[in-house]
Amino acid sequence: MPSRRRALLVIVALCGLALASLLVALAAGSMPVTPGDVLLALAGGEGLAAEVIQGLRLPRAIAAFACGGLLALAGALMQVLLRNPLADPYVLGISGGAAVGALSAMLAGLALALVNLFAFAGAFAAMLLVFGLAHGDSSWTRTRLLLTGVIVASGCGAVVALIMSIAPETHLRGMLFWLMGDASHASNPWPALAVLVAGVAASMPFARELNLLSRGDTLAQTLGVSVQRVRLGVYFLAATFTAVAVTTAGSIGFIGLVVPHLVRLGMLKLGWGNDQRLLLPASALSGGSLLVLADTLARTIVAPLQLPVGALTAILGVPLFLFLLGRQRGSGQ
Amino acid sequence: MSSPLLHADALSVSIGGHVICRDLEWTVDAGETWAILGRNGAGKSTLLNTVAGLHRQDRGTLHVGGHALPEAATGRRARALARVRGYLAQHQLDPFASTAMETALVGRHPHLGRWDWESLADRDIAAAALVEVDLADCAERDVQTLSGGERQRLAVAQLLAQQPALFLLDEPLTHLDLSHQVAVMELFARRARAGAAVVAVLHDPGFAVRYCSKVLLLFGDGEWLAGPADTVITTTNLTRLYGHPLREIGVDGDRWFVPA
Numbered sequence: 000m001p002s003r004r005r006a007l008l009v010i011v012a013l014c015g016l017a018l019a020s021l022l023v024a025l026a027a028g029s030m031p032v033t034p035g036d037v038l039l040a041l042a043g044g045e046g047l048a049a050e051v052i053q054g055l056r057l058p059r060a061i062a063a064f065a066c067g068g069l070l071a072l073a074g075a076l077m078q079v080l081l082r083n084p085l086a087d088p089y090v091l092g093i094s095g096g097a098a099v100g101a102l103s104a105m106l107a108g109l110a111l112a113l114v115n116l117f118a119f120a121g122a123f124a125a126m127l128l129v130f131g132l133a134h135g136d137s138s139w140t141r142t143r144l145l146l147t148g149v150i151v152a153s154g155c156g157a158v159v160a161l162i163m164s165i166a167p168e169t170h171l172r173g174m175l176f177w178l179m180g181d182a183s184h185a186s187n188p189w190p191a192l193a194v195l196v197a198g199v200a201a202s203m204p205f206a207r208e209l210n211l212l213s214r215g216d217t218l219a220q221t222l223g224v225s226v227q228r229v230r231l232g233v234y235f236l237a238a239t240f241t242a243v244a245v246t247t248a249g250s251i252g253f254i255g256l257v258v259p260h261l262v263r264l265g266m267l268k269l270g271w272g273n274d275q276r277l278l279l280p281a282s283a284l285s286g287g288s289l290l291v292l293a294d295t296l297a298r299t300i301v302a303p304l305q306l307p308v309g310a311l312t313a314i315l316g317v318p319l320f321l322f323l324l325g326r327q328r329g330s331g332q
Numbered sequence: 000m001s002s003p004l005l006h007a008d009a010l011s012v013s014i015g016g017h018v019i020c021r022d023l024e025w026t027v028d029a030g031e032t033w034a035i036l037g038r039n040g041a042g043k044s045t046l047l048n049t050v051a052g053l054h055r056q057d058r059g060t061l062h063v064g065g066h067a068l069p070e071a072a073t074g075r076r077a078r079a080l081a082r083v084r085g086y087l088a089q090h091q092l093d094p095f096a097s098t099a100m101e102t103a104l105v106g107r108h109p110h111l112g113r114w115d116w117e118s119l120a121d122r123d124i125a126a127a128a129l130v131e132v133d134l135a136d137c138a139e140r141d142v143q144t145l146s147g148g149e150r151q152r153l154a155v156a157q158l159l160a161q162q163p164a165l166f167l168l169d170e171p172l173t174h175l176d177l178s179h180q181v182a183v184m185e186l187f188a189r190r191a192r193a194g195a196a197v198v199a200v201l202h203d204p205g206f207a208v209r210y211c212s213k214v215l216l217l218f219g220d221g222e223w224l225a226g227p228a229d230t231v232i233t234t235t236n237l238t239r240l241y242g243h244p245l246r247e248i249g250v251d252g253d254r255w256f257v258p259a
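First to last, the protein sequences are chains A and B. Those letters in the first sequence? Residues 0 to 332, per numbering that gives the first Met the number 0, in order. Those letters in the second sequence? Residues 0 to 259, per numbering that gives the first Met the number 0, in order.
Note that these hints are calculated values from the structure, not bench results. All figures in this text were calculated on a predicted structure; none of them were measured in a lab. Be aware that one or more of the hints could be misleading.
Here chain B is said to cover these stretches of chain A; the calculated rule only asks that three of the stretch's residues, wherever they fall, bring their Cβ under 8 Å from a Cβ of chain B [to be verified]:
#, region
1, 0-13
2, 41-49
3, 79-88
4, 211-221
5, 267-281
Restraint-style ranges between C-beta atoms, simulated for each label pair [said to hold, decoys possible]:
#, chain 1, residue 1, chain 2, residue 2, range
6, A, Gly265, B, Ala79, 30 to 38 Å
7, B, Leu111, A, Ala197, 32 to 40 Å
8, A, Phe235, B, Asp123, 49 to 57 Å
9, A, Leu85, B, Asp123, 53 to 61 Å
10, A, Pro204, B, Ala79, 12 to 20 Å
11, B, Ser118, A, Ala201, 19 to 27 Å
12, A, Ala193, B, Ala79, 31 to 39 Å
Positions of the beta carbon are idealized from the N, C-alpha and C atoms, including for glycine.
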């Protein structure tokens, strides 16, 4: 595990990466802006460039950063909670619930704000449903939680398919973009960013207890962790982060699964193991930076056309994940 | 005279409707080494789990290091309990990669505050524990590449780093070769001589006689027998315990037991 000083150094470096990625996102686009003008615009400058940056690119970049960070953080927490490296924020059906909510609202032709509200309500309902069902007899085993989540997720998938099959053609494109994940309609990203900052701050005091939890409930409990309480907290934190991210930018795939693994891989290369005190903030920062860059790519690569960033992260994420899986097998597991 | 590290009064434990012990009276003092013997499914591990705070008793009182169980096993008091008693599980889990050193350092958790990071002193304690279990060369190895026996010794090192006064060991000799079986038993015997107490679930009565001063027999039907190893471990008692006739063999003053 890293010393506190080295962990701080890594965090500072990743903060630098995050700022750099935001700067790239603000400067790049159909109207290129120099970094100097970007800073000028952020400082409250006026003119066309400033308007584009303040009104369009900044909210979108902040939304991408917040969602990427939240998804990576939620993924890292889910992997500890389910003690399974293959867990991701969507494994417990939260994104499925959000999709049912959002698509129902779109089907009814509701305004964007209401779509977001319905998405959040759907995510929250799925979170409570999974928790209620899994917690039913207070046994709360991982298998039960995982199974309940998978079942709820597939149920939601069926409802989504049903909605799309009866939806008028004109609505289908918006629905598809929502399902694939898209940061372009995020008009007010600041609440999501606030949740991200608060989320990292809320998880850090429990990070060492999460280290123990990732090594087994029995071990954690005999070393003095209130396992039930911490697991409950982790579940609701991870679920809330996922719900906020999905509400802001749809079901963006693979960030939540791959980023914690990338960070873990980097930490292993440095001779540090699976220490949540570094893994959680590092995942949040890397996930945010990665999604900002992916979103910039999504809106510039075939400009003026825009790709859904969720499809892009998945296209990049699938080979990366298969590569990681291959490496794991190679190391003799 | 200090209070006992473990005290059970009229303790009744069961699991899944199966009674493990009825009205158990049991006291473990500092300096004592106890073996728990019994056949498969007799409830040795369940009794140890109860003492560790992982399983609730049906009736009776249970005090570990002055803490009343099961109340002290949850919430904030769990950390105080973890500074008194350490528990070696039968199986070790490693879903994520980690070095042996980090795994040993996990034992320091109950001694660290919420915002503390492991200090150099903690690292020294963990390193010394790795030396004690003959794993000093493996400190930077990934736990997922260790052999079964090495992993078991690493779990012992983690427990040593925890520095409890009461060691609860569930089959500590699992996966170990003969020389390491002896080394681990001697290591815990040294801890007992230094003032700790050890309770170990064992399968070999010979090891129990050789390394343990006291023994608790669980007959599997709620009956139990506790006392000095010398007098409680007899062929008659062991034959009843295992449901199979045993023969005693004396070698240089040591008593060993083999199936007849």
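Consistency of the hints with the structure:
Figure legend: the region 0-13 of chain A, annotated as covered by chain B; annotation consistent (3 residues with Cβ-Cβ distances under 8 Å, at least 3 required). For the region 41-49 of chain A, the stated coverage by chain B is not satisfied: 0 residues place a CB nearer than 8 Å to a CB of that chain, which falls below the threshold of 3. For a cut-off of 8 Å, the count of residues in the region 79-88 of chain A with a CB near a CB of chain B stands at 3, and the three-residue condition holds. With 8 residues having a beta carbon nearer than 8 Å to a beta carbon of chain B, the region 211-221 of chain A meets the requirement of three or more and the stated coverage holds.
Against chain B, the region 267-281 of chain A contributes 7 residues with a C-beta closer than 8 Å to a partner C-beta. That satisfies the three-residue criterion, and the hint holds. Between Gly265 of chain A and Ala79 of chain B the CB atoms are about 37 Å apart, so this pair conforms to the stated range of 30 to 38 Å. Take Leu111 of chain B and Ala197 of chain A: their Cβ atoms lie about 25 Å apart, and the range 32 to 40 Å is violated. Separation of Phe235 of chain A from Asp123 of chain B is about 39 Å and departs from the stated range, judged on CB atoms against 49 to 57 Å.
For Leu85 of chain A and Asp123 of chain B, the hinted distance range of 53 to 61 Å is not satisfied, since their beta carbons lie about 37 Å from each other. A hinted range of 12 to 20 Å holds for the C-beta pair Pro204 of chain A and Ala79 of chain B, which are about 19 Å apart. A beta carbon spacing of about 26 Å between Ser118 of chain B and Ala201 of chain A agrees with the range 19 to 27 Å that was offered as a hint. In this structure, Ala193 of chain A and Ala79 of chain B meet the distance hint of 31 to 39 Å, their C-beta atoms being roughly 36 Å apart.
Consistency note: the structure conflicts with the earlier hints numbered 2, 7, 8 and 9.
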